[in-house]
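Next come the chains, spelled out residue by residue.
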Amino acid sequence: MHIVVCIKQVPDSAQIRVHPVTNTIMRQGVPTIINPYDLFALEEALRLRDAHGGEVTVLTMGPPMAEDALRKALTYGADRAVLLTDRYFAGSDTLATSFALSQAIAKVGETFGMPDIVFTGKQTIDGDTAQVGPGIAKRLDLLQLTYVAKIASIDLDAHEITVERRSEGGMQMLKSRLPCLITMLEGTNEIRRGSLDDALRAARSQIVKWSAADAGIEDLTKCGLRGSPTVVKRVFAPTSRAEKAAQIDTTDKSLRDLADDLIAAIFTRQPALEQELAVDGGA
Amino acid sequence: MTAEKFDAIVIGAGMSGNAAAYTMASRGMKVLQLERGEYPGSKNVQGAIMYADMLEKIIPDFREDAPLERHPVEQRFWMMDNTSHTGMHYRSDDFNEAKPNRYTIIRAQFDKWFSRKVREAGATVLCETTVTELAHDTNGKVIGVRTDRAGDIIFADVVVLAEGVNGLLGTRAGLREMPKPETVALAVKEMHFLPEEVIGERFGLKGNEGCVIEAAGTISRGMTGLAFLYTNRESISLGIGCLVSDFASTMESPYALLEAFKRHPSVRPLIAGSEVKEYAAHLIPEGGYKAIPQLFGDGWLVVGDAAQLNNAVHREGSNLAMTSGRIAGEAIFHVNSRRNPMTKENLALYKTMLDNSFVVKDLKKYKDMPALLHTNSCNFFMTYPQLISQAAQNFLRVDGTPKIEKEKATTAAFIKARSRWGMVSDVVRLAFAWR
Amino acid sequence: MSTANRETPSPTAGRAGMKKELPEQFKDYRHVWVFIELERGQVHPVSFELLGEGRKLADKLGVELAAVVLGPPGEATWHAVAEAFAYGADLAYVIEDPLLAHYRNEPFTRAMTDLLNTYKPEILLLGATTLGRDLAGSVATTLLTGLTADCTALDVDADGSLAATRPTFGGSLLCTIYTLNYRPQMATVRPRVMAMPQRVDKPVGRVIQHKLAMAEEDVVTKILGFLPDNQSAKANLAYANVVVAGGLGLGAVENLQLVKNLARAIGAEYGCSRPLVQKGWMPADRQIGQTGKTIRPKLYIAVGISGAIQHRVGVEGADLIVAINTDPNAPIFDFAHLGIVIDAIRFLPALTEAFTRRLSPHNRDKLAS
Ligand SMILES: Cc1cc2nc3c(=O)[nH]c(=O)nc-3n(C[C@H](O)[C@H](O)[C@H](O)COP(=O)(O)OP(=O)(O)OC[C@H]3O[C@@H](n4cnc5c(N)ncnc54)[C@H](O)[C@@H]3O)c2cc1C
Ligand SMILES: Cc1cc2nc3c(=O)[nH]c(=O)nc-3n(C[C@H](O)[C@H](O)[C@H](O)COP(=O)(O)OP(=O)(O)OC[C@H]3O[C@@H](n4cnc5c(N)ncnc54)[C@H](O)[C@@H]3O)c2cc1C
Ligand SMILES: Nc1ncnc2c1ncn2[C@@H]1O[C@H](COP(=O)(O)O)[C@@H](O)[C@H]1O
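Protein chains in written order, with the numbering used here: chain A, 408 to 690; chain B, 767 to 1201; chain C, 152 to 520.
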């Protein structure tokens, strides 16, 4: 089977800094990583390939340096990597991103064989919308299985797939048809450590690089800023509360007195709460 | 299927490893480089000042695309006591030259760039791959390595150990000893982010000009140590390092020293309002010439910090690392191009070439310095800075005391603290060590 | 929402969307809609929170607020309609069909897009739940309109455009996003980000019924079963009145018990910061913050939590935030209302004990009298 996994290179947001004056992102020195959610999708794809045979193609749309993310995916054991990169894609929102990716997936299908499954992560940590997956599904007219916790079975001959899908309040068991698009839930597996052979192969592989034209995208008005219905008008830092927390004075007090002081301060601010706690808890 | 053989394997993608791998790969050798970090530079710590000349000898046009931060036009040396510093500043517009001699760099970025050059030169680079063991044949010759990834031995004619100061592999393989606590310093370092304009304003810098501060004195609480502060484009690197053996005997914590340095009235305004994003601790080899281990053997060479090639006096490490890496690469290439085996005898060429370079010559020059600074650390790092500061204050305060008495008071303070003989011997010994 | 870097726009791409020039075909799009999430007979509370927010937007725009209720024929669906009215909807679009008994992407996308194309609202709000996010992505792509996910504030500006504010770059910044030239303007909001509006008994509102143009044969994906979560073992953090949470400051996994004890003593739910989940000390459903739960309790006690921005955004809606931390400069004190600088390991047992004392039956009687 052929599986396409969409991964995105994202700034490691734990290390992002905001310029104190201009409120812009200071990217210098911020390392990039593969969107952590995408690794669950990649591992699931690799497991399916190991069980059923076939190939895993990783695909990303991003700047040339996104190649690093792809190479890393190859180190984990993916078979092929495609980088969709073109200045026309700059400024894409979810709609434009899903357009470009869906076109590229179609091209991957033509070139390397039609995919049976397209995987995406649940969401990215920078865009954080969880919308690109569903967007790709709609555009390619693939069945959409989001928040999949487990792939219970796959029948390649019957083109059937059964999954467990997280929904509000429980797990749905769903049976659907291949080809389909799956967005994988986090925590469902753990990315493998590729073998020495995988690592060597990854270091030597040629990454397929496609421009918009290479991917067969003719309508550039659907790409990048022009293809994005949403407009970011303002970026700003969250305002801090005017006053800092009122501090309980801890000088020369026993723990017991301090506890009483804190509780008194709480109930002074929220008088109704005492009655409520006394009824609910405190037993 | 791994049974693949390389001309050379380089362990580590720091300054020395990259220099070695680049030198060999660019001459057409089949090179594999293994790095345990997530990417080259991810685990590496340096102040960091990079010296252009040594890199030029490897990649002449590096200025075109290397991630360089600022070129220092000003150097400040500070003798610090708890509230003051006595300083010497040197600033020159001559440093604003077309090809500056020094740059501040951020290792995480610089190493990534260097590694890209290595790959472009044709080497195969694997990250997140730790070499766990050197593989030997029955005669004890190194024939390859084992890694922590699933797979067999990877074979090579020669293995270059560029694994940095800890050098676990080399010590485990019995090629050399563990660095001793009195020959390594522990340095802690932080990156403080500030907007580019603010840095320019505070240090009086324009464009890519940079400023370097190196400080000694009571901040190291009597231990052998130095603090530093370097300007990067959008950040300030600052840190302090002292000998590990000193930390052990004084029970001081490096972090507390760094905090005190940051709170020092001379430093605090320079970093005010900054955001700390990185805290790192790393060892620096400080043993100097006398600590250099066996540098080569059957099928192996050791370069950079792993070989203790570090000039603590001038706070130079990366250039010795780059140069030893380059020379190792050239020596190996020389042996390889004659189709000679990588035996101990043939690899002795590396030592010969290194002895003739500034690396060993410089280290030889200061061979007594580490010991001197160590045994006399209290004088050099506590007593003198305080005395000098008192003297300066004494000199500057105008309070009606006749100047002659002031001078006498200063001299008396020096003699009281150190005795005439002590001072003379300190100067003489320092001069000899420097010579 | 932008998923790529917008700082360096491509030189060739004109920012066509920057100015509002609403095309002719969108000019008659009017009114604010809220999708009512109905699953197994229950309306997800986020739908009511959104009605509260939708009401404000509709009033500002001078238009009507409509609820969209998709469900199976029967009482539950009509109950949801009545509740939507009680929480402020003027009218409801209702599709009753057996295909809508349980959520599946295909029939719901079809139902929703049909309604949108027929009745043309200018704004559509959905909950950022698994269901809402699954549906919103498909609907927005089908209609080729903009969608702003996980908003934290909604407003309309002077020219009547929806200004949707959401965190960006891992929560370190906020951005305000517009969908100027496409309709409907879509946004999702996470549960508990918006306040629950007052419920008013007002059973009347207009109902517009619509048919689903789909049959079971048209739906490929079949539901084989449903395994409800074990409710008793699960955290109901989002809707708890009082929450106590522990962070890395607890130091060791054993000290979690101190947090649990305090929670038990005051009838609170307990939660944690993200590192504790990553360490495996607590299950993911107890994580509070940007990538965990958003909470709005009356009282939130943060123990050994530094108050990183990603944590902060999840707790800011609390009425009273109390922080216990050894570091007087911890960022949590910037947004907590009450703070105490003290070692939590020593202090928690005393606090638990003091609460128990204060809330004991004896004192309870005193309070009641
Ligand atoms: C705080 C500080 C400030 C400094 N400031 C300066 C300065 O301003 N100027 C200057 O010139 N020098 C400075 N130095 C010294 C300089 O950083 C070092 O001399 C230089 O980095 C040495 O390079 P190296 O290649 O030998 O080792 P490293 O740069 O340490 O590289 C070793 C590499 O090997 C890898 N490795 C180790 N073991 C294994 C293994 N088993 N398998 C695979 N990979 C492995 C490591 O991950 C690492 O990437 C400073 C050092 C410190 C700590
Ligand atoms: C994309 C992204 C999403 C994220 N999402 C979330 C999220 O949803 N939720 C979340 O919580 N985090 C999230 N984070 C992580 C967040 O950035 C912080 O790293 C995290 O909140 C810190 O957890 P902490 O406060 O428990 O630990 P720390 O930051 O380590 O703080 C520990 C605190 O405990 C105090 N302390 C230490 N000892 C004691 C003691 N004995 N008594 C009292 N106090 C003590 C310390 O002073 C310190 O303030 C996210 C990060 C990223 C990058
Ligand atoms: N630029 C991109 N390239 C490849 N895949 C992407 C890209 N952006 C988003 N994705 C995929 O879509 C998923 C959801 O992204 P998002 O909608 O941004 O939260 C991610 O987990 C990725 O799998």
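Treat the hints as calculated values from the structure; they're not laboratory data. Be aware that a few hints might be false.
[Said to hold, decoys possible] Calculated from the model, a selection of chain A residues having no Cβ within reach of chain B, i.e. all distances over 12 Å:
1. Pro438
2. Ile440
3. Lys514
4. Glu517
5. Ser560
6. Gly601
[To be verified] Derived DSS-like pairs (lysine-lysine); straight-line CA-CA distance at most 30 Å:
7. C:Lys430 to B:Lys809
8. B:Lys1043 to C:Lys430
9. A:Lys640 to C:Lys430
10. A:Lys629 to C:Lys171
11. C:Lys171 to C:Lys271
12. A:Lys616 to B:Lys883
13. C:Lys449 to A:Lys582
14. A:Lys616 to B:Lys796
15. A:Lys582 to C:Lys362
16. B:Lys907 to A:Lys640
17. C:Lys430 to A:Lys557
18. C:Lys171 to A:Lys640
19. C:Lys178 to A:Lys651
20. A:Lys629 to C:Lys449
21. B:Lys1028 to A:Lys651
22. C:Lys411 to A:Lys629
23. B:Lys809 to A:Lys651
24. A:Lys557 to C:Lys373
25. A:Lys640 to C:Lys271
26. A:Lys651 to C:Lys353
[Unchecked claim] Short derived list, chain A residues pointing at chain B, Cβ under 8 Å:
27. Arg456
28. Gly460
29. Arg600
30. Ser602
31. Leu603
32. Asp604
33. Ala610
34. Ile614
Fair warning: this is a prediction, and the values are worked out from it, not measured in the lab. The beta-carbon is built from N, C-alpha and C at its ideal position, and this holds for glycine as well.
TODO: Take a quick look at whether Lys557 (chain A) and Lys373 (chain C) sit within 30 Å of each other, Cα to Cα.
DONE: holds, 16 Å
Open item on the list: Does the closest beta carbon of chain B sit nearer than 8 Å to the beta carbon of Leu603 (chain A)?
Closed with: It holds, given that the least Cβ distance between Leu603 (chain A) and chain B is near 3 Å, below 8 Å.
- [ ] Starting from Lys809 (chain B), check that the Cα of Lys651 (chain A) is at most 30 Å away, please.
- [x] violated, 38 Å
Open item on the list: Can you confirm whether the C-alpha distance between Lys178 (chain C) and Lys651 (chain A) stays at or below 30 Å?
Closed with: Between Lys178 (chain C) and Lys651 (chain A) the Cα gap is close to 47 Å, so the pair fails against 30 Å, i.e. violated.
Task: 30 Å Cα cutoff - pair Lys907 (chain B), Lys640 (chain A) - done: violated, 66 Å
Task: Given pair status - Lys557 (chain A), Lys430 (chain C), alpha carbons within 30 Å - done: holds, 23 Å
Task: Cβ separation check - Ile440 (chain A) to all of chain B, threshold 12 Å - done: violated, 9 Å
Open item on the list: For Lys171 (chain C) and Lys640 (chain A), compute the direct alpha-carbon distance and say whether it is at most 30 Å.
Closed with: holds, 12 Å
Open item on the list: Minimum C-beta separation from Pro438 (chain A) to chain B exceeding 12 Å: can you confirm that?
Closed with: violated, 7 Å
TODO: Classify the hint on Arg600 (chain A) as holds or violated, based on whether any CB of chain B lies nearer than 8 Å to its CB.
DONE: holds, 7 Å
- [ ] Hey, is Gly601 (chain A) genuinely clear of chain B, shortest beta carbon separation above 12 Å?
- [x] violated, 7 Å
Open item on the list: Run the distance test for Lys449 (chain C) versus Lys582 (chain A): straight-line Cα separation, threshold 30 Å.
Closed with: Violated. Lys449 (chain C) to Lys582 (chain A) sits at ~43 Å, over the 30 Å cutoff.
The structure does not agree with the numbered hints 1, 2, 6, 9, 13, 16, 19, 20, 22, 23, 26, 27, 28 and 34 stated previously, though it agrees with the rest.
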